[in-house]
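Chemist: One-letter residues, chain by chain:
Number of protein chains: 4
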Amino acid sequence: MSKKVAILTSGGDAPGMNACIRAIVLVCERSGFDVLGYLHGYNGLLKQQYRELDARQMHNLTQRGGTILHSARCLEFKTDESARLAAANLDELGVTTLFVIGGDGSFRGAQHLGNFWDGQIIGLPGTIDNDIVGTDATIGYFTAIETAVQSVDKVRDTADAFERVFLVEVMGRHAGFLGLNGALASASDYVILPELFENEEKTLKDILTQLNERRDQRGNVSYIIILAENLWPGGIADLVSKLEQRTETEVRPVILGHVQRGGSPVSQDRLLAMKLGAHAATLIGKPITGIMVGEQNGQAVEVPLPLTWEHSKPLDDLSVNTMTLLMNNRYA
Amino acid sequence: MSKKVAILTSGGDAPGMNACIRAIVLVCERSGFDVLGYLHGYNGLLKQQYRELDARQMHNLTQRGGTILHSARCLEFKTDESARLAAANLDELGVTTLFVIGGDGSFRGAQHLGNFWDGQIIGLPGTIDNDIVGTDATIGYFTAIETAVQSVDKVRDTADAFERVFLVEVMGRHAGFLGLNGALASASDYVILPELFENEEKTLKDILTQLNERRDQRGNVSYIIILAENLWPGGIADLVSKLEQRTETEVRPVILGHVQRGGSPVSQDRLLAMKLGAHAATLIGKPITGIMVGEQNGQAVEVPLPLTWEHSKPLDDLSVNTMTLLMNNRYA
Amino acid sequence: MSKKVAILTSGGDAPGMNACIRAIVLVCERSGFDVLGYLHGYNGLLKQQYRELDARQMHNLTQRGGTILHSARCLEFKTDESARLAAANLDELGVTTLFVIGGDGSFRGAQHLGNFWDGQIIGLPGTIDNDIVGTDATIGYFTAIETAVQSVDKVRDTADAFERVFLVEVMGRHAGFLGLNGALASASDYVILPELFENEEKTLKDILTQLNERRDQRGNVSYIIILAENLWPGGIADLVSKLEQRTETEVRPVILGHVQRGGSPVSQDRLLAMKLGAHAATLIGKPITGIMVGEQNGQAVEVPLPLTWEHSKPLDDLSVNTMTLLMNNRYA
Amino acid sequence: MSKKVAILTSGGDAPGMNACIRAIVLVCERSGFDVLGYLHGYNGLLKQQYRELDARQMHNLTQRGGTILHSARCLEFKTDESARLAAANLDELGVTTLFVIGGDGSFRGAQHLGNFWDGQIIGLPGTIDNDIVGTDATIGYFTAIETAVQSVDKVRDTADAFERVFLVEVMGRHAGFLGLNGALASASDYVILPELFENEEKTLKDILTQLNERRDQRGNVSYIIILAENLWPGGIADLVSKLEQRTETEVRPVILGHVQRGGSPVSQDRLLAMKLGAHAATLIGKPITGIMVGEQNGQAVEVPLPLTWEHSKPLDDLSVNTMTLLMNNRYA
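Chains as they are written, first to last, in full-length UniProt numbering: chain P, 1 to 332; chain A, 1 to 332; chain D, 1 to 332; chain F, 1 to 332.
Partial list, computed: chain A residues near chain P (C-beta under 10 Å): (1) Val152; (2) Pro253; (3) Ile255; (4) Gln260; (5) Gly262.
Below, computed lysine to aspartate or glutamate pairings styled on DMTMM-like, alpha-carbon distance capped at 25 Å: (6) Lys47/P to Asp216/A; (7) Lys78/F to Glu163/D; (8) Lys78/F to Glu250/D; (9) Lys286/F to Asp317/P; (10) Lys242/P to Glu201/P.
Derived from the structure by calculation, the hints contain no laboratory data.
Just so it is clear, CB atoms sit at the ideal spot from N, CA and C, and this is done for glycine as well.
Build the full structure now, drawing on both the sequences and the hints.
Modeler: Okay, here's the thing in structure tokens:
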């Protein structure tokens, strides 16, 4: 009898989710498993909305952003009733393994479902935020950095032409990975991150000191500040106005927004998605469940789902040290 | 005796300004003219800040965004005193031809200067807005469309994944070229342009009608609206909130902002910049001044400066017809 | 009774063909016409292989390279027998208008079919070569320039690092449009085009003169030559070896090849494809047939098919003049 | 007294070399060291050709491909006489630390110099091939993958349109990293790598088997094969002709060539270059020499130079396993 497995994508979409779906489907097809894809995240699981997936449909999919299974929030999935309904739906179709591609909210949903369902549950880290413990990187993170960096590269053209201060807001609500690496790779001058933020006054003073010393040395210069979203108390407009007052310069805000979520995945996201997806599909039927497949030091690893969110993931020392040496100081 | 010519870039920077500078310098060098570049737009002309330009420095410049001569606003250039000072500065250096690369404000400055200076003044249309009469396109316009379109391509990934409404604000204060072509080329669903805007209520109704019919036919769908900046009375936040009320759907705003000004120029901007720049440099010493060099129907043309701003440039019929057939209606 | 129309793509694929298909389908759907797409060019017409096309399938298609209808050569379509079979097949399905998207070979096929079929035939110029008379540009041409230029931008990094001579072969069998504009926009140093090629010896001498003068002035320099394919008598390897002998320098060849055909269409190709496709669809049922829809000076035009291939399309003067001023000479 | 350090780039250029130079210079400037850059690799060291480097020149450099210090081969550097001359030149200028950015040939040169010079020698891995032991990745490798993958994405458009077989040759003379990851990330169908190549006959049979099964299942399909350069005994033309004979299909070759070396570095290369460069600059004056700074598992490490070339670097298991699951088999 052929085994049946299901996939869903949940939470914010991330470039590479489709490459991950493809990897799972290809490995399943060679192993003789049927695959179906639930639509709209957990909503499809509750409403029994799905489509069958086969290798043929996976052609030309790797390079596409977004997710062909669609995603959506599903607040009601927190209830026991919902989880029971989902379990019944999975059983009705004969699904024995469920792959959940998403972030920490999606993994909490998966863990909750595991309390009511006997099938195998395997998570795959898909989020641009890289805020999942247990994997060095998450699917979509590399593309989001690239998009942010290419945007800042463009902003720099105008910043240089006008020798102006720009403030660029990047995504990363609770985690500074995207901000830190986006700022470094774009050779920005200053970065304001949740992990390193002390208070408004100190930040403003730091910026002022650096900017003034730079101007003393080199005359008028462009100056680019990266700001993680939702971090500055009064919002980006408040920071713009405070900087304008203190620098007596025009400061222009740029909010990268949802552009950062989309786009054809860069190679590193495609590769991560394929490695994790293919490995995850080889776990079907093994006595392991309630885990996320991640990559650590070049190896595929299995991590119990709760470990992925119990602690917050720290910025890596090497990147922080590099930032300290190259940014946020007058020598940059 | 060798002739001396000067170049300045003024107004908002636009991709391709450097390619235009290079073309002028290369042709001047082969003709035996010396070239200097004033810095920071008209400010450099007032402060006699300039650098010498030669072919060697032009290497590897074509593909760079921004302007190596820097740009800046110069409000005081409107006075007669400033224009007289500029004329004296030009004469002091022996400059006999001045090239001004910029938009309509820059051309007004050039015309004003012409009232006080006997030298030859040649304008080149450099602005992402394409709002200059007398040339089919302006330097920087093609790149700005490309940047907007690539951003919307990315936004669509998320819009499709979540079947959500997105509202994307593009530049183009008074002219809808960037909005119209950006919306068409990105296969957006609706566009709100200064040239075609009647009132808020009509626009909202149009959108609602189209969106509802689309949903009736196809179920939930993504829906992308392009909005020209500074057009909607209450700003983009007001439109978001009105759309959310009426559609009972989440509507996400994306403001492309200054990212649209920068970036390596696409080929069509490089080519336009080179054609206009090279042609302009062949006019040195000819009895023609106070003109802009533009491209019309594949030919280089010379247009008196005042004609470039006296009337506003209309959207072309073919694009508007195409929009009518493909967008802003329920069949899109 | 609902009218039925058909589309096919033929000849080399070109970026923007899908955007053109979409435009035709959207306009047809709003006009109440059914649309089918023949597969594999004229082969599908002979074998009655087709798929139905509707607006829903057109979603997310604009930005995709290639053609969803596939393309192929079809040598046997030259026979009368084939054209009669095609006519019978079209009649069998009740097709009254056929759109052919392709190059001059495809248009000859369309014209041939017209001798045997009473239906309406409308051609759309889809080829990266831009070698179709009656339209300022062809669908796919702008993207091919962009791809060539971005490749040369990359080659220049190495050329500059090693101060080396590179020879880059671009497509454009009989027409130099891609070569000329690719060379200009990439700020290459020399270009060898079918329209301007005299003989090997003259070309070699020109290059040597320019290169030596450049070296005298600036010391070792990088030097990039663009070569149109199939032009140099002994092939690119022969030119490399002759240049190495005469320059006593390493010369590296780069053959861009099929990479130039693919890729997401740039905005200008999307826009051209949409304008022509939408306009073409408004011609359905009008007493006009055997024509190509093109764009001239910003207007949609209808051109009898034979006029598109009877004469070869000349390079435009402005581009050639710009080349003369900026390239192929020692001042570049 | 201020310390003086020197940098050179040697061997094939790689995207990110400039970002690495910038990182070293910024850290040196804050530490009060003077920095000079030797030109043209070891040739500049022999001819005492160099330029002074300061933070100001580093502006806007991170995103540029190639190397501002130029590179070149230097065969004569193998002699003792050359190394002695280089040592004398370094001493003459008072250089106490030399940074060498390059591949294994450059590191052998550095090691050789160390036999004749008492100063500190620090290598940084800059090569697109990733064939350096002691670091997880090399500077330039990520960009080269991206370039290869984007090229294959474009080739696929034509391959799909014509349902044709394409053979794409990528760089990587002795190491399959670029081929393996380029093939995986581009969702190619088959890859021929030095590490896994057995013989011609087996490879041809494998391809034929997979291609025929694919055609049996799905009808005509596109099929993309990645080939590492210099691997197939008779060259790519021989493989094309053998495949055409056996598949009775047209097979088109694409040689990516030098395009792979250039281009603005992707974020991962910029980040790696900055981390390694900044860390290397903190080692100045420490009692450690004759080492390469690499990154392993997210940490900066110092590896004795001979260890970087004594053994060949194996492909990582996870990538090879993923390849086995997703490519080179009939289920792909």
